[in-house]
Amino acid sequence: MTDDKDVLRDVWFGRIPTCFTLYQDEITEREAEPYYLLLPRVSYLTLVTDKVKKHFQKVMRQEDISEIWFEYEGTPLKWHYPIGLLFDLLASSSALPWNITVHFKSFPEKDLLHCPSKDAVEAHFMSCVKEADALKHKSQVINEMQKKDHKQLWMGLQNDRFDQFWAINRKLMEYPAEENGFRYIPFRIYQTTTERPFIQKLFRPVAADGQLHTLGDLLKEVCPSAVAPEDGEKKNQVMIHGIEPMLETPLQWLSEHLSYPDNFLHISIIPQPTD
Amino acid sequence: MPDSALWAVDLFGRVYTLSTAGQYWELCKDTQLEFKRVSAATQCCWGIACDNQVYVYVCASDVPIRRQEVAYENQRWNPVGGFCEKLLPSDRWLWSDVSGLQHRPLDGVALPSLHWEWESDWYVDENFGGEPTEKGGWTYAMDFPATYTRDKKWNSCVRRRRWIRYRRYKSRDSWAKIPSKDDPKQLPDPFNDLSVGGWEITDEPVGRLSVWAVSLQGKVWYREDVSHPNPEGSSWSLMDTPGEAVQISCGPHDLLWVTLWEGQALVREGINRNNPKGSSWSVVEPPTSENGIMHVAVGVGVVWAITKDRKVWFRRGVNSHNPCGTSWIEMVGEMMMVNVGLNDQVWGIGCEDRAVYFRQGVTPSELSGKTWKAIVASRECDRSHSGSSLSLLSAGCFFGDEVRGSGESCVPSDTDASSDAERPGPDPPVPAESLDCPRNPKDSFASGPGTSRTAEHTVEVASPATQTPRPEPRPGPASTPAELPWTNIDLKEPKKAPSYSAAGFPETTGLSSLEVLPLGLEEPCSADDRPLWAWVSGGGCAVEAHSMLKWFSVHSGLSASVQMLSLSITPAQTAAWRKQIFQQLTERTKRELENFRHYEQAVEQSVWVKTGTLQWWCNWKPHKWLDVRVALEQFTGHDGARDSILFIYYVVHEEKKYIHVFLNEVTALVPVLNEAKHSFALYTPERTRQRWPVRLAAATEQDMNDWLALLSLSCCESRKVHGRPSPQAIWSITCKGDVFVSEPSPDLEDPAHLLPCDQMFWRQMGGHLRVVEANSRGVVWGIGYDHTAWVYTGGYGGGCFQGLASSTSNIYTQSDVKSVYIYENQRWNPVTGYSSRGLPTDRYMWSDATGLQECTKAGTKPPSLQWTWVSDWSVDFSVPGGTDQEGWQYASDFPASYHGYKTMKDFVRRRCWARKCKLVTSGPWLEVAPIALGDVSIIPESPGASGNGHSIALWAISDKGDVLCRLGVSELNPAGSSWLHVGTDQPFASISIGACYQVWAVARDGSAFYRGSVSPSQPAGDSWYHIPSPPRQRLKQVSVGQTSVYALDTNGNLWYRQGVTPSYPQGSSWEHVSNNVRHVSVGPLDQVWVIANKVQGSHSLSRGTVCHRTGVQPHEPKGQGWDYGIGGGWDHISVRANATRAPRSASQETAGERSGEQGLPSRPAQVAGSLQGLSLGPICC
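Chains as they are written, first to last, in my numbering: chain L, 1 to 275; chain U, 1 to 1181.
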């Protein structure tokens, strides 16, 4: 019998095989070999690319190096989005490995945030966790935690320690027995087709009549364009962690099991591949 | 927690129940009658129906209520005819009772009432005190009365034999009229109120109840001899009262309050075990003189009352010593009536809306609760309305009657007018009489016969339209309550939501109500047809603090919550969405990883260290708990495997030292909770041999649980043990009730190279049990200390294992109750008699059973912080040896053997006090309600036999000693469906079923029984064969494997049954195998495992040790010696699921090499050593 705990494990240990190539216009002293790496889906680009940076810096002159940034097929990759989300949103229909271009010049100021150090990633990650808990428990759980628990969450993510992370994170996933779920579900819905970065609204896991809300209910409510009409052709894929959960899946269950470490459900709406 | 039910009566006299697990009122199965009062206990409900007769509704159960009738046949020897029926004139009757004084011919023994039936004909009992007699069952003596023996001697002049016959109570799940066979002149007049309680006064006889009733004439009656085996009781006794009673309430224990006509309350004093009827009355005045008490309700330690102005009152200071309490406190709300149920929970019926209210927040520390919350559960939209058209007429009778019965209690002003009607004769009162009630003209049609339901409808419709003459636009009942007899309110209340739109039927006046009767009846109950209640009883309804009730919200459609507590796989687990997620994740992993495994990982695995502060028991000087720093270092090897080391840093004599433990060597982590410390013991094979674990303690329970969960997870990871235990797993239980499970390695039962059992890895499962039994098809059952039966759900974790160490589903709340015992000791002296002044050399006057430890009532704490007291101290009368009326046992001196009566030579006495405590935890267990069990056994599957289709045989003994066979047990439904009762002539204690359907059992008299002809097609077999116990020994447990039969006696001797063959499965004799055994489990490979009483290790002695019989071979089923495993507080083991036969090996010669001695040694170590072992042993029982 498969247990729901295995889902957490599968989600955590999701990896995307990636090929990093240096941008052709970067000036190198000798030819830069592509660099192959398994990226954790749940982590952040700038957190797991130390090896990439080192690899390419070896072939470059010191003065040509400024802040590293990544780009896929012309789109700069936001480091503050989880890697899995970036992949699902931009590259899920293309062949593996995922080809990412590495840049050290011409930082796209209007598209990307600067990431001076890992502290920035930590600050971003923790603020997401806090925001999620504000939605789920009016911040009660995160506020009751000690500093070291917060640290353990972060260290768990940084060192890819599933046990370490979940030992604390499970508390964030609890809810009072008399309720049927969280207060609101922390989610963000991303679409490549719109200018808006993402959709985020207040949405409860349980309807007024006691019925559990499903993924479909959420989409109908906040992003009706993503859902195909009853008889119509399916135009979009609704993707989380590289899979397409059925629209009947209860939202509360999704939130508990398919959230990213930042405690948000990052849902990608992407056009149905035509092939 | 088992489901239990709240009973209620609606305005039409229909009885409904509401399950604590349900969300709908269910109509009582037997709907032939309408009731005006019900009073429920757990297993039955008493009621007064509209015919003023008393009825009892005994809930159905798989275990029958059966009683043994006994008669003795007596014969005397004479030289002519030998033993014959010619007795001497001075002799007893030829057929008599056991004393011989009463004539008792077999055909003269009659059934007590229509509700009983004979189970079979009379037959001769051939069991004589555990020994089988000769055929014919005769026992011999020199003369009547004398001591009888089995054997005929030269001087045996008389003989007798015992005939037995069983009768069965058959009227279950139906209202059985209490027969009134007493002299008609002494018949109690029609009853007006009734209350059931007293089940906590004593356990003897089983299910004893106090049933009290009040007649219309204001007399109080007590029903004699009501108990589980005699649900109807025997006769009514009149109790003298100093006034006219109108209502009565009897609590579960010794509280009994009565409402008097004049508005005071009567309180019964002196109710106790020896005198459940009590001895005297005291009077309690009402809270205010102008409004007398109308209604009282009592619990174990609470009294609630309602005064005539409908105000609710709580009585302060009520307890066993002061049943009258001290003062009244007014509570919020206005109620028609209140009722106190189990755990002193309170229900009431609202004055305004006639809804049933539940008092929320009633806890032992806050008995008055917090708020009233209306139960909005709806009735199942049933068809009973249209079905009961005939009985509706009698419902009308009931209301006619209620006018009088209750009216007199609450409407003093009415008494003059209707005093004649209030004193009806024994014949059913004609309701029309009450129509004369002058107050409200509307009454004249409202309470007429046959109009009850329709009247309501018509009034609803008519009154707004026609403006039936009334003084006011309907004064609220709260404002002028005293003026309104209950019936008025009964019928007026429905108008609260009158449908004004219905004014289109102005011609439907009250007078035409009879014509519309059929119309009203056929109306389906609509959604807003809220039930209106007349009476509620919670005496059978167990609501506890942690229970979640679904009564307070309306549910549409069939909710999944009903199915939530059933073991069949819930829809959520089989739902398509769930399957798809699992499937897609697997596909994703394949797609994204399969071809790229050679890629480098972005994040290198590193060492992770968890540090903390614990206390560590220093095994050597200074022999005390030391504060230590601990660090758990986890690292990942090249192959991805994890391993961990636990470092314990300590300082002795300012010298820094450390010890370390490799977690892959740890064999068990055992929580050792006691009053003071949250500690746990850590075993390795080495330390198991030494009987000397590493002991660590944490500052808080949470801290300990975190460490235990983490260490346990690390141990499991390093051994790659994960998830649900395999079906072959070996289960065991410690004396603390903790459940452990071990995966058997294939060579565990390999006779050639036996895996030493101290190397077995035990991991803990959540839950609290006393017994666990498993079989290799994954069916696992447990029994709690409170005899609750549990079935394993397939989950893991729970208890202190939260988060990752626990499965998401299949973990449920589990509770257990056990008693703590202390002893009050006294010595006799010539001046004061027995007193608590002992000799200086005596034991403590309040002590534990040994007398070595002082245990006072105030100073004794629950066994650990997990437990909380749930009762007060009470004398335990059920101690072996018997007690006198006050619970004392006498002896010549401490310590000695005690007896239950005083003799000249007895200088000391003691009595046992018990106090119940309760633990609430969680684990992968679901209750198998409602029958409590004492023992259980599941058929071990023969090795190699695959599930052959038919269900899995499971036998059990109920806590009362009934033998039960479970039907419908399978892998998919491990809880089975129902019990099949297997009749026995005496209570049983232990049972075991072997792989070939050999069922063996041990009776409470210590003898064994074999059940013949049990097979898949005849699951209960046909008859018992009596097997004598070993000479001078009383057996207590039996275990049957593939072919081997082992039994254990009360002195710790283990016996092997010799001569068992397929054609003669009973065997021939018992052969001694070993002493020092506490529990035995024989598996499907005929492997023998026991819990040994005492085992001396190199450092310490441990009690309760898992041992494995070595050298067991087909030609040597008794084996040769013992191999010692985990120990120190182990109580129970089940190896009956392990059918993993070792791979065939060439040499079978080395068997039994490890330890060759016969019998388990309990080496008498030097006194200091063994004492130390006792006091320091990790889990002292």
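Bear in mind the hints are in silico, worked out from the structure with no lab data behind them. Quick caveat, the model's predicted, so the values are computed rather than measured. Wrong hints could be hidden among the right ones.
[To be verified] Which stretches of chain L does chain U cover? Using the computed rule of at least three CB atoms under 8 angstroms from a CB of chain U, they are:
1. 27-39
2. 45-58
3. 155-167
4. 181-190
[As the list claims (entries may be wrong)] As a list, the in silico SDA-like pairs of lysine to any residue whose alpha-carbon atoms are at most 20 angstroms apart:
5. Lys550/U - Gln164/L
6. Lys590/U - Asp6/L
7. Lys916/U - Leu967/U
8. Lys736/U - Arg777/U
9. Lys720/U - Ala177/L
10. Lys720/U - His124/L
11. Lys621/U - Ala575/U
12. Lys147/L - Gly612/U
13. Lys373/U - Gln164/L
14. Lys610/U - Ala177/L
15. Lys29/U - Gln43/U
16. Lys720/U - Gln146/L
For every residue, glycine included, the Cβ atom is placed at its ideal position computed from N, Cα and C.
Original post:
Which hint numbers doesn't this structure obey?
Top reply: Per hint list: 4, 5, 7, 8, 9, 10, 11, 13, 14, 16 violated.
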